[in-house]
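Asker: Residues per chain, in single letters:
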Amino acid sequence: MNNIYGNFREIETEKSTEYLQLSFSPSSLSLKERWGNNGLSADFLGDYFRTFLPKTLGDNENYSRRDEIKSTVSYIANELLENAIKFNNDNIDYSISIRLNLDVDKITLWLTNNVTQSLYEAYQNFVEELLNNDPQELYFERLEQNAEKEFADSSGLGLLTILVDYKAKLAWKFQSIKNNGEENFVVVTMVELEI
Amino acid sequence: MKVENENFLVDFIPSENTVKFNGSLRLNGMKEYEPILEILDQGLQEANSPLILDLTSLDFLNSSGISMFSKFVIKVRNQQKINLIIMGSQKIPWQSKSLKNLQRLMPSLVLEIV
Numbered sequence: 001m002n003n004i005y006g007n008f009r010e011i012e013t014e015k016s017t018e019y020l021q022l023s024f025s026p027s028s029l030s031l032k033e034r035w036g037n038n039g040l041s042a043d044f045l046g047d048y049f050r051t052f053l054p055k056t057l058g059d060n061e062n063y064s065r066r067d068e069i070k071s072t073v074s075y076i077a078n079e080l081l082e083n084a085i086k087f088n089n090d091n092i093d094y095s096i097s098i099r100l101n102l103d104v105d106k107i108t109l110w111l112t113n114n115v116t117q118s119l120y121e122a123y124q125n126f127v128e129e130l131l132n133n134d135p136q137e138l139y140f141e142r143l144e145q146n147a148e149k150e151f152a153d154s155s156g157l158g159l160l161t162i163l164v165d166y167k168a169k170l171a172w173k174f175q176s177i178k179n180n181g182e183e184n185f186v187v188v189t190m191v192e193l194e195i
Numbered sequence: 001m002k003v004e005n006e007n008f009l010v011d012f013i014p015s016e017n018t019v020k021f022n023g024s025l026r027l028n029g030m031k032e033y034e035p036i037l038e039i040l041d042q043g044l045q046e047a048n049s050p051l052i053l054d055l056t057s058l059d060f061l062n063s064s065g066i067s068m069f070s071k072f073v074i075k076v077r078n079q080q081k082i083n084l085i086i087m088g089s090q091k092i093p094w095q096s097k098s099l100k101n102l103q104r105l106m107p108s109l110v111l112e113i114v
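Chains as they are written, first to last, in my numbering: chain X, 1 to 195; chain Y, 1 to 114.
Worth flagging that the hints you see were computed from the coordinates, not collected in a lab.
Note that CB positions come from ideal geometry on N, CA and C, so glycine has one too.
Hints may contain errors.
Calculated lysine-lysine pairs in the BS3-like style (CA-CA distance at most 27 Å, straight line) [to be verified]: (1) Y:K81 - X:K106; (2) Y:K2 - Y:K20; (3) X:K149 - Y:K31; (4) X:K149 - Y:K75; (5) Y:K20 - X:K149; (6) Y:K97 - X:K55; (7) Y:K81 - X:K149; (8) Y:K97 - X:K169; (9) X:K167 - Y:K81; (10) X:K15 - X:K167; (11) Y:K2 - X:K167; (12) Y:K91 - X:K149; (13) X:K106 - Y:K100; (14) Y:K31 - X:K86; (15) X:K106 - X:K15.
Label pairs and their computed distance ranges (CB to CB) [what the hints assert, rightly or not]: (16) Y:N48 - X:S28: 44 to 54 Å; (17) Y:Q45 - X:I177: 46 to 56 Å; (18) X:E129 - Y:K31: 18 to 28 Å.
Stretch by stretch, here's where chain Y covers chain X in the computed footprint (C-beta under 8 Å, at least three residues) [stated by the list, open to error]: (19) 74-86; (20) 144-150.
With the hints as extra help, turn the sequences into a complete structure.
Answerer: Take a look at the structure:
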């Protein structure tokens, strides 16, 4: 069964000629080592795509649009990977993957991972909250709430910053798949960014 | 007092009223940010007003780091003892996008992105 939120596009139907995909098995490294790899992977995606952007893309003396896009890709990819690693269901041997497509007018990222059934439901509730509220209001509410807790829970803040600070569009596909009698819960988070 | 690892350095310099940030902060959740909040709290207790947070060499900050700075700014706002100056760089694109939110949390905060 599939649940789609937002303007979700399937990876398979895209015609981009430039794309990168990184996949890794959640059980291959310790959590700490994997955490360190988030930054490496995110910066690599940003650096790699920077070279494909036109040199004349709105630069001036103090400002490089290419550097801005590189930094945006790196931030968004890092947040998606952090979420995937935090919430992945490591009991299932199913790889986490991040895919980035470059088109003339947009960049699209897809992050695919497996979660437990309870997280699958909680994440859909959060997505509905995001879609039914003003993200900026939700963002500031969340910051004020976090400030009152000793160890604030920053979950969800990454997606809010992607919406509020980076003006990107988000969409999701939630998919439950029966596999040899066992049910797997797969989440694909899509981020679209105009360039 | 300072905290560092191979990716970042955070240092309170009492003689300059400044907490200086260098490198990339991608720690895992607020618990890992606790030692950095302690340095900020030290600045809050020991510095004269205004306390300066120098982020001009902070290349990267994840959303948990944004949560940490927000928590600190709200604390300073609620205490009403000192003011804050946050210094950023135009050359580091995330700063122009995200730091203005801190000013929205605490309108008296001075944001200088140069």
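Asker: To test your reading of the hints: which numbers does this structure violate?
Answerer: As far as the earlier hints go, 1, 9, 11, 12 are violated by this structure, in ascending order.
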